[in-house]
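Could you put together the complete structure from these sequences and hints?
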Amino acid sequence: MTSQEQNAGSAAGIPAAEARDVSKRYGATVALHSAGIAVRTGETHALVGRNGAGKSTLVSILTGLQRPDGGEIRFDGAPAPALADRDAWRQRVACVYQKSTIIPTLTVAENLFLNRQSGRGLIDWRGLRRRAADLLAGYGVDVDPAALAGSLTVEQRQLVEIARALSFGARFIILDEPTAQLDAAAIDRLFDRMRELQSTGVTFLFISHHLQEVYEVCQRVTVLRDARHILTEPVEALSRDELVAAMTGETGRALAEGVARPPVPATAPVVLDVRGLRLAGYYDGVDLTVRAGELVGLIGSGSSGKVALAETIAGLRRADAGTVTIAGSNPKPGQVPAAIAAGLGYLPQDRHREGLVPLLSVAENATMPIAGRLGPAGIIAPARQQATAERMIRTYDIKTDGPRQPVSDLSGGNAQKVVLARALANDPKALVMVSPTAGVDVRSKASLLGAVNEAAAGGAGVLVVSDELDDLRSCDRVLVMFHGEVIRDMPRGWTDADLVSAVEGVEQP
Amino acid sequence: MAKPPTSGGTRPGGGRLPLARLRDFALVPAILLLVVVGALIDPVFLSSANITNVLQQQTELALLVLAEAIILIAGKFDLSLESTIGLAPALAVALVIPAASNGLGTELPAGLAIVLCLLTGLAIGAFNGLLILRFKLSAFIVTLGMLIVLRGLQIGITGGQNLFDIPPSVLYLGSAVWLGVPASIWISGTLFVVGIVALGYFRHGRSVYAIGGNTDAARAAGIRTDRVVWVVLMIGGLLAALAGLLMTGRLGSVAAAQGDGMIFTVFAAAVIGGISLDGGKGTLFGALCGVIVLGLINNILTLAGVSAQWIQAIYGAIILVALILARLTSGKAQD
Amino acid sequence: MAKPPTSGGTRPGGGRLPLARLRDFALVPAILLLVVVGALIDPVFLSSANITNVLQQQTELALLVLAEAIILIAGKFDLSLESTIGLAPALAVALVIPAASNGLGTELPAGLAIVLCLLTGLAIGAFNGLLILRFKLSAFIVTLGMLIVLRGLQIGITGGQNLFDIPPSVLYLGSAVWLGVPASIWISGTLFVVGIVALGYFRHGRSVYAIGGNTDAARAAGIRTDRVVWVVLMIGGLLAALAGLLMTGRLGSVAAAQGDGMIFTVFAAAVIGGISLDGGKGTLFGALCGVIVLGLINNILTLAGVSAQWIQAIYGAIILVALILARLTSGKAQD
Amino acid sequence: DSSSGGSGNQAGSGPQIGIDLPRADSDFWNSYAKYVPQFADEYDVNLMSPTNSQNDVSKLVANVQAMVSQGAKAVVMAPQDTGAIASTLGTLESRKIPVVSVDTRPDKGKVFMVVRADNRAYGQKACEFLGEKLGGKGKVIEFQGSLSSINGRDRSEAFAECMKTKFPEITIFEEPTEWEGAKAAAALQTRLAQHPDIKGVYMQAGGVFLAPTLQVLRSKNLLVPPTDPKHIFIVSNDGIPQEFEAIRKGEIDATVSQPADLYAKWALYYAKAAAEGKTFQAGPTDHDSTIIDIGNGLEDQLAAPLVTKENVDDPALWGNQIGK
Ligand SMILES: Nc1ncnc2c1ncn2[C@@H]1O[C@H](COP(=O)(O)OP(=O)(O)OP(=O)(O)O)[C@@H](O)[C@H]1O
Ligand SMILES: Nc1ncnc2c1ncn2[C@@H]1O[C@H](COP(=O)(O)OP(=O)(O)OP(=O)(O)O)[C@@H](O)[C@H]1O
Ligand SMILES: [Mg+2]
Ligand SMILES: [Mg+2]
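Chains as they are written, first to last, in our numbering: chain A, 103 to 611; chain B, 260 to 594; chain C, 260 to 594; chain D, 19 to 342.
If you are wondering where the hints come from, they were derived from the structure by calculation, not from laboratory data.
Hints should not be assumed to be uniformly reliable.
To be verified - Straight line, CA to CA, 27 Å or less: simulated DSS-like cross-link-like pairs of lysine-lysine:
(1) K395(C) to K201(A)
(2) K201(D) to K157(D)
(3) K77(D) to K128(D)
(4) K395(B) to K531(A)
(5) K114(D) to K126(D)
(6) K238(D) to K267(D)
What the hints assert, rightly or not - Residues on chain C that point at chain D, a partial pick, calculated with CB under 8 Å:
(7) L299
(8) S307
(9) Q316
(10) D475
(11) N557
(12) N558
(13) I570
Ideal Cβ positions, reconstructed from N, Cα and C, are used throughout, including at glycine.
Have a look at this one:
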């Protein structure tokens, strides 16, 4: 199909991509039930819904990776090509999937031209690198084509994926949660790039759990809930609350708006005290204190060293110099159990990678740091474990069959609640949390932040390490890290713009 | 929430546990079937003498499978067990017997032999752990190398000879009978019970599952992952050395090739018993069932007098089918 | 941009490729060192006769390593190669020789033997592929089972006897000399060159790397991953059968234990040569270097007259050290 | 030309002789290995350092090729796989390097001399001994070696043939063991459960099967003197010192002594003679044996005496000399 034909199609008001009555089951799970979507040519269309609503499934069907059980897919009014004809699909739709499709062991150039390195005959490696360099330059991506893809940053990989997606000549691009792993500056650059492309007539389908992004870059939005299509509206016709209501099926305000909190008295004891901490290559000379009952935010761009700092406090890394004092004691550096014993609760960055043991039950995951307290002499009394876990499930409102369900069966938001429950399991005096709401839908986000506030209200000192402004709204103060140093300490009352420019390292007047 | 979390579609809403438990018992019907087949083939099969024999012959394999199962659950690999089972008793015996009987000439007190044997196993496990954890080498590669080195060491130390002049203390465990049942059965049985309880109900045991399931998460939750894995590897070496003691006692000598080629059977038994090579999955009870299944098949083929020419192919085919069934019934049919 | 692409911190921004290339040649200094050591130990080492012998002795191992390397790069595993190298020629020979010479009595035309042998290898690879890809079983498990079954089949078919009465056509490849160099060296060398070119410069070859690196991504890019892996497994079987032919020709008979225990050496050579067990990494040139290193070590130990008692331990220790070095020098020292 | 710098312990002058040991994990072959330097001294043989092929014919081929490169003028080997050596023998013949084969008779290819006891005779002698002791009836269990071993097969076939013709009322249970003691022990246990009236055991290799068998019988309280009706008659094969010890104690009844010392002695003798250009004829020898023509060479068939309680202390037996 030529681009002229495509344009002819759009002129007639035919959607660039359309799914009609699509259904998909995985075993007993209905991932999509007669759902549909129509993306108009030239628009940026948002697809939102809670974790497990079926968004990624719809994406895999729209890109020809999965065969729907029922329904049909059309591009520019014409039926979709056969599933086996991948090249035909890729000329119609390009996709940056939720899971990276970069092959880390191959070079950037080869990733860009995977499975089309040459026509027939030998591959001309030099020519391939040149073509790759041209392609990357064409989209303004500054990456060495000869580098191994595994050595790229998340943002660079994503850019490579976008460049590759576009290089097939497709004018319709799907981005499945592209912002989930990017910091604020990188997100801005991504949006600039999207707007640029949109101005050249490219159509986008954009998936995100960050609703403000939907308002920022999208013109229309489709909501999926319980595998069904709920609504499709222009974004300006839908308030944030209405959007959330459509996603959750409940009315009422769902978002944490930075709950008003009483100020922390200066007499409150310091529960977390970091002095002169240094880790070569990550951060240097970091001092910070958190008092009991205080909620402190820590923000910074991807290379600011904030996550490494949090990991050092938790004992996952060992600092080159400096001290960490937790509730008055100095745990042995580089030892997680010592930090836990000193009264630290820790919520790691990525629940899939460091948070959960997928095959183990909710109860086991949630009680892991306190396993020693569930019975005498290292025995885990099953009844006590179940009881503890059931209490946690109630406290944090975890939707699960019961404490014995493997966490791999939980949706993203509920899995994250298990990680939070685990971090709070030992009634920590100090709590360090990294990206506590990453990839979690709005509804779950609200209840997670509520639980954090309650922990602070209960007397714990909390350090929230996050790029998400929503996570930081109820903090008493927010520290900003830049290139390994804490450069700002912003009390409550900051504006989004202030904070973002501080993160960028822009000096405030 | 999008829908009740019944993904997979195989399990009823609330009854998560019963099915998981059921999976542990997946081999029980197979064992019952084999017992019936055995009884039909030869009534002798059900005699207590024969049953005792089957169990006793499997004790050493059982201990190796116990060791390998724990190591696999922790997400690691140990191929060198099959050499430890020979080297550990060989070294211990060579250290205590006189040079005239192919000893090393040190002639340490014979009473020390058992301790020396177990220490050797422990040391091998510790050395594997050193290479895997400190030097961050792949467990497969390290233990593949050790498999070759340890066998070579045994041949070097013994000059390739079988050791006959075994001190009675070393022979005792593998040949004694307690309450009418061979001691080796008591020992292996007890160790399996200990293992099942430890891995099921103790903090450190559960941490083995956590490490195998997701090492980073286990570390972030305050489990000393390296230490636990190291201990697991050392226990593995210790169990292999104990298996070597039992085998030495049962056969009355240390063969130069003791344990040679056994590792394939060990993996087959563990996998048939539901242990996953990816770590974090399977139970020791399942592994024990795997051992028993292989033992029964062996015994039945012998009793049935299957021709020597085809016995290996038939045995192999049964193992292959069992492996396939184990994989298919263990839920996800994925690599 | 968040951070310049220097994660890992070891390599300079632009010069990525040269370093990757260098890694392929990592074993070349080791080979040169071995050559010097060999020449010092015995001048005979450098004689063309000795070099030819070393190379010829490694041809069968080289073909197995070639097969295993491609399979490993594709992210799979094949343990059964060590049985294929025996079964394929045994079956082919048994089908053509008279029953009196331990044949099966079919007495097919002798000219067919080579084709039958290669077809057997192909069929074994295809069957492995069926179980791994259609039934979604783990490659390790499937080929572990097949290892046992195929060896059993060979013993069953031949009654455990070595086959002596080999048709000259079967003997030819393994014993012929072309231009003063054994044909088997020509064949293995050519196949390695073909493999290096195919995996380095052809789209289908590159797709093997892509599949091993990230199967889902490869599928999304339109690579027919299952088909490619299936073909790779079949090529693996084919190469093992060819190795069997060469070995049969070189030794003049099909031993019942032909290839027994070889798989450990195959993995050692592949890993020393830089092939990763995780898939997607390593080159065939590196694997070839691994084979040559092992061959030289063997030859030097023999020429040096190392005592028979300790040769295995020394050989094993050298392999272990080589494995460790290979792991440490191959960049990430991670599992 | 010993100036070629070949390494090794050149004890004597004259042509270099290469020797390959078939395996390092059996008592019999280790005894043989111990006799080799001793007789090399005695005959003043210029012996290269022995190689070991670990029961793997491709290693044997590699070792022989290395020996030839290093200037061996005659080669002593013990190919456990008698077919797979044919092409190597062809090469050696074309280079005029004579070969002495110990213990096994290569199926094809020229050999100067085979030094070997008659394995069929082992099976035969064991059968006759057991048949007589059992009075021609009863049940006997036989631990066979590996199906892929020619010596094992010779013993099995001769044993079976003799039993069938001379003692047809004796039932034999043939147990394949791959030369593994553990397999033999398992088979014995199972058979004893199935047939408690087993009265005889023939084991084809004492080095491997002796200890496991005694261990099983001991645990079943079946190690009783021959006068006891529960006694099980055991014939072994090899003639290692441990077997003699067991015969003295009455635990086993007989063994066929495979002469490790004579193997080493005559192998070196013939190898040296061959390298010096001597030749031999078929016919009786001066050392109680006969040389026969086997088509592709000659074979010196050494005597392999049956050792029982009566002659177990005979100092001429190699098993009584070793370690003394
Ligand atoms: N491969 C699969 N096998 C079985 N079930 C699946 C699979 N993929 C998705 N599902 C099911 O389909 C449902 C929809 O999943 P999907 O990934 O489309 O959700 P999503 O809307 O993308 O969620 P998220 O926001 O968390 O990315 C899930 O509830 C899940 O149970
Ligand atoms: N292969 C699968 N089999 C069964 N259920 C699955 C499968 N894959 C995903 N799911 C289910 O789909 C739902 C959401 O899946 P998904 O993996 O997209 O969530 P997540 O990754 O945890 O969330 P997010 O990506 O937003 O952080 C969960 O209920 C999850 O259990
Ligand atoms: Mg998701
Ligand atoms: Mg999704």
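* Out of the numbered hints, which ones does the structure contradict? -> 4, 7, 8, 10
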